[in-house]
Each structure stands twice: as C-alpha cells, then as structure tokens.
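> Each chain, written out:
Protein chains: 2
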Amino acid sequence: MRYKLTIAYDGTNYQGFQSQNNGLGIQQVLEETLSQIAKESIQVVASGRTDKGVHALGQVCHFDTQNPMTDSAWLRALNTYLPNDIAVLDIVLVDESFHARFSAVKKCYVYVLAKDYNIFRRNYEAYIKYPLNVDWMQQAIQKLEGTHDFKGFGVFVEHKPTVRTMFQATLEETDTHYIFTFIADGFLKYMVRSMVGTITDIGRGKRPLSIMDDILEHQDRSKVGKTASPEGLYLKQVWY
Amino acid sequence: MRYKLTIAYDGTNYQGFQSQNNGLGIQQVLEETLSQIAKESIQVVASGRTDKGVHALGQVCHFDTQNPMTDSAWLRALNTYLPNDIAVLDIVLVDESFHARFSAVKKCYVYVLAKDYNIFRRNYEAYIKYPLNVDWMQQAIQKLEGTHDFKGFGVFVEHKPTVRTMFQATLEETDTHYIFTFIADGFLKYMVRSMVGTITDIGRGKRPLSIMDDILEHQDRSKVGKTASPEGLYLKQVWY
Numbered sequence: 001m002r003y004k005l006t007i008a009y010d011g012t013n014y015q016g017f018q019s020q021n022n023g024l025g026i027q028q029v030l031e032e033t034l035s036q037i038a039k040e041s042i043q044v045v046a047s048g049r050t051d052k053g054v055h056a057l058g059q060v061c062h063f064d065t066q067n068p069m070t071d072s073a074w075l076r077a078l079n080t081y082l083p084n085d086i087a088v089l090d091i092v093l094v095d096e097s098f099h100a101r102f103s104a105v106k107k108c109y110v111y112v113l114a115k116d117y118n119i120f121r122r123n124y125e126a127y128i129k130y131p132l133n134v135d136w137m138q139q140a141i142q143k144l145e146g147t148h149d150f151k152g153f154g155v156f157v158e159h160k161p162t163v164r165t166m167f168q169a170t171l172e173e174t175d176t177h178y179i180f181t182f183i184a185d186g187f188l189k190y191m192v193r194s195m196v197g198t199i200t201d202i203g204r205g206k207r208p209l210s211i212m213d214d215i216l217e218h219q220d221r222s223k224v225g226k227t228a229s230p231e232g233l234y235l236k237q238v239w240y
Numbered sequence: 001m002r003y004k005l006t007i008a009y010d011g012t013n014y015q016g017f018q019s020q021n022n023g024l025g026i027q028q029v030l031e032e033t034l035s036q037i038a039k040e041s042i043q044v045v046a047s048g049r050t051d052k053g054v055h056a057l058g059q060v061c062h063f064d065t066q067n068p069m070t071d072s073a074w075l076r077a078l079n080t081y082l083p084n085d086i087a088v089l090d091i092v093l094v095d096e097s098f099h100a101r102f103s104a105v106k107k108c109y110v111y112v113l114a115k116d117y118n119i120f121r122r123n124y125e126a127y128i129k130y131p132l133n134v135d136w137m138q139q140a141i142q143k144l145e146g147t148h149d150f151k152g153f154g155v156f157v158e159h160k161p162t163v164r165t166m167f168q169a170t171l172e173e174t175d176t177h178y179i180f181t182f183i184a185d186g187f188l189k190y191m192v193r194s195m196v197g198t199i200t201d202i203g204r205g206k207r208p209l210s211i212m213d214d215i216l217e218h219q220d221r222s223k224v225g226k227t228a229s230p231e232g233l234y235l236k237q238v239w240y
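Top line first, the protein sequences correspond to chains X and F.
If you read the first sequence in UniProt numbering, its first letter stands for residue 1, the second for the next number, and so on.
If you read the second sequence in UniProt numbering, its first letter stands for residue 1, the second for the next number, and so on.
Honestly, the hints are just simulated from the structure, not real lab data.
It cannot be assumed that every hint is accurate.
Just so you know, same-sequence chains aren't split out, so a pair can sit in one copy or run between any two.
Simulated pairs of lysine-lysine, DSS-like, Cα-Cα distance not exceeding 30 Å [unchecked claim]:
no.	residue 1	residue 2
1	Lys236	Lys115
2	Lys236	Lys129
3	Lys4	Lys129
4	Lys115	Lys4
5	Lys39	Lys143
6	Lys39	Lys189
7	Lys189	Lys52
8	Lys223	Lys206
9	Lys4	Lys143
10	Lys106	Lys189
11	Lys189	Lys160
12	Lys223	Lys4
13	Lys4	Lys106
The following block holds chain X by itself, in its conformation from the complex:
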C-alpha cells in the first residue's frame, strides 16, 4: 500500500529535509516515526529536498507499508508521535504509480522578506535594512516567467534538467513585507534564494536590471546576487 503524505514543518532546528553532517533531517524523523507506528522499516520519498532552515507549508512525500490502518488512524498516530515542529496535514492512500518526486508537475515556493527585524519572527522571515525600489524589482522578477535555462541561478546536479518553465514569478509589497511567489515545473538547488538575492540587489541599486538577461540568456553566474538566507523560504505547495 502506498500513501501520499502532505506535511508542514518548521525547518529551524533541522539540517534540511535530509540528514547531513550527523545533524537531524526531517526525513529521518518521519521515517523513524512511521516505522515505529507501522512496526516495520519505512522509507520516505519527498517531492524534493529543502535546505537547512527552510520551512514547508505543504511538502509532499510517499511511503509504502503493509500496515492496514485507515487514513484517519494514520493521521492521528503521526500527529501524536511526531515532534511539535512537524505536522501532518493530510494522508491518503494512492495508487502505486504515484511517486512524490517523479509525479510532481508544479511547485510553489514563497519567500518572506520583512522591512524590519522582529526578534519573534527571526526564524520565519528574512529582513532587509535597505530601502528597495519595487518598480525595478517588478521589472526584474517578470523576466523570470516563461521557459529559460536557470543554470545561472541554481546549482547544477547531474541528470537534472536546468531548463524549466516558470509559470508565475511575482512580488507583492505590503506595509511591512515583500512577498515573492514562484511557481515552476521544477527548481534547481538554491535557485529561489539566488533569484531573491539577485532581485533585492537590483532593488537596492547595487546591480543593474540588465543582469537578469545576462543570467537567463548567458547563464552568467558571476552576475548573481548573494543567496538569500533560508529562514524566509517556504515550500508552499506541490501539484500532481
């Protein structure tokens, strides 16, 4: 039996979705808890990894088990035994052809950037102390939409395509925050944080708008801004 699991997590105290350098990963905690409930060894496959300190509002995983429990019994048991920074939002029995990574068609990431530092939000948003020109940032972010080779923004991983289609790349300014939303058919490692770092550099006037073309058309990594810090990043949704 294969289950599809939708989870939220606070990435603050984890090394990322996968364990690294002996630090605890979300995956390890999920697998240990699932195995304990099912009384068999369970492996988890996610839609993709998230990095150290990055959060999820709707990460999707799948796992196989012989345990004949109802969806609601799984949900109750998981939320009882998981630590309080990981929450299962939904669990549903799926066909064995479903694969959390390979069946994913679209993902949404949100990046939350505050205008002022707030000690109570410091692990859940990034902040920028410089004033930003939103017009320049709007022009920059619009250039990301469409099909491009995003190699300039991401880290190349063998066997993973770097040409991706960005369905939505938008920026919303509120009184207190800048909210970036990205929806694409896939993302490279560090790609969202690298795009946000570059766009905010353009907003500060530190880099010209023209670098967007250099990066998207010529994959010129030397033009890319500093990778934005992880605490502002949320994997919001995965579509199948």
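Add chain F to chain X, keeping to what the hints say.
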C-alpha cells in the same frame, strides 16, 4: 552613572530572566555583554523576573557604570553584541534615584491564546483546542479589576505584598485568537498564567463562574485552574 534599559526578548531558549539550574538566563547574557562593552563588571536590576519561556516586549532594567558613552553609542554596541533573540529598544541616562524594580508603578502583561495550533507560532502563543464561551470569560475577567488579595492566584513570596490593584483586566476575541490584557501595580509569581488558566476553565464550562469569588475573597487555591503555558505570555510594558 545610571542607565535605564528597555529591552525585548524571545524567552524560548532561556531559563527565564534569571539563570536557573545551570541554564542560561537573560540577565546573565545582558550582564556579560554590558561588562564586555564597558570593560568593568556590571550588574543588572530588572523590573521583575520573567519565567522560563516567557517573552518581553518592553522589560525595563537599570545598571550603573563608569563608562562615559553616549546613549546612542550604548544602543549600537549592545545590539551589535547581544544575541539575536534579545533586542535593546531604548537606553537613557537616568537619575541615581531611579530603580527598575522599586520605582515601577504599573505593569502590563499580555497573554496570547490561539484557537488553532500553528507550528510556526508554537513558541510565541499558547493554543486551546476546546471551544470557549466568551461571555462567561468576560464576566470572570471583569471580577479581577479593582483591589484584591491575589494570593489565591499567585505564589507567596516573603516581603512581597499580595494585595494588588488591577487597573485593567480585559479579553479580546479575534477570528483566530483570544488576547488577555492585564495592567496592575504589581503581579505575584505565576499570577497571570494562573488567572488565564482559571478563566479558560470557566470558558470551557469545566469550572463555574462563582470560583472567581472563592479565589478573590477567600484565597481558595484549590479552585484555581492549571497554570497556562509560558509561551503565550509577554511582559508588554512597565510604567514609572
């Protein structure tokens, strides 16, 4: 020279304002940072202690130093060297007659109780899964206003008066939260969390409204509800 210091802190990773059982206290961190900047040993006196996990939006302290720095140089140095979960909001030179504890005339505590569990807010608000009758809670909280012997709600500490004047005790309900606000000329240890625990028990129908009189008029501790958890509590303001 005596300075008055107004600070905010995230109490999550501290044993409380004062160090306890070898755990780190806010006071210890403040004193070490101040001493390092002033190059002399500095002691800090606060308006009062806060417990493990309790936060502050406007705790007030004082300290004495020989160091002839301007207020703005102190502010800059402190916010540079303090960890990112303690923020100095204001620092000002005061008369030596000022005392952070003895000169305080009024304090405001706020308690934030959410209707749903949110993993990203779990250290910054309490939550209650039961529906609450706000009418009953409004009637209960109103009984706290005025001058009463609050011994039933607090922990008795020698030489500290238990008769206190509550200037404001109010409850506000939003779509997502219950917000309790208490302003008094002083608070006993655990008093706010004990009042909140009792009022929510009344809201759940677990205890009758009449216990408020038993506790306030007869100091009957057996009628008091469970102490509400610390993560929802904020010391908001101290008046002098």
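> May I ask which of the numbered hints given earlier this structure violates, with the numbers listed in increasing order?
The structure conflicts with hints 5, 6, 9 and 12, although it agrees with all the remaining ones.
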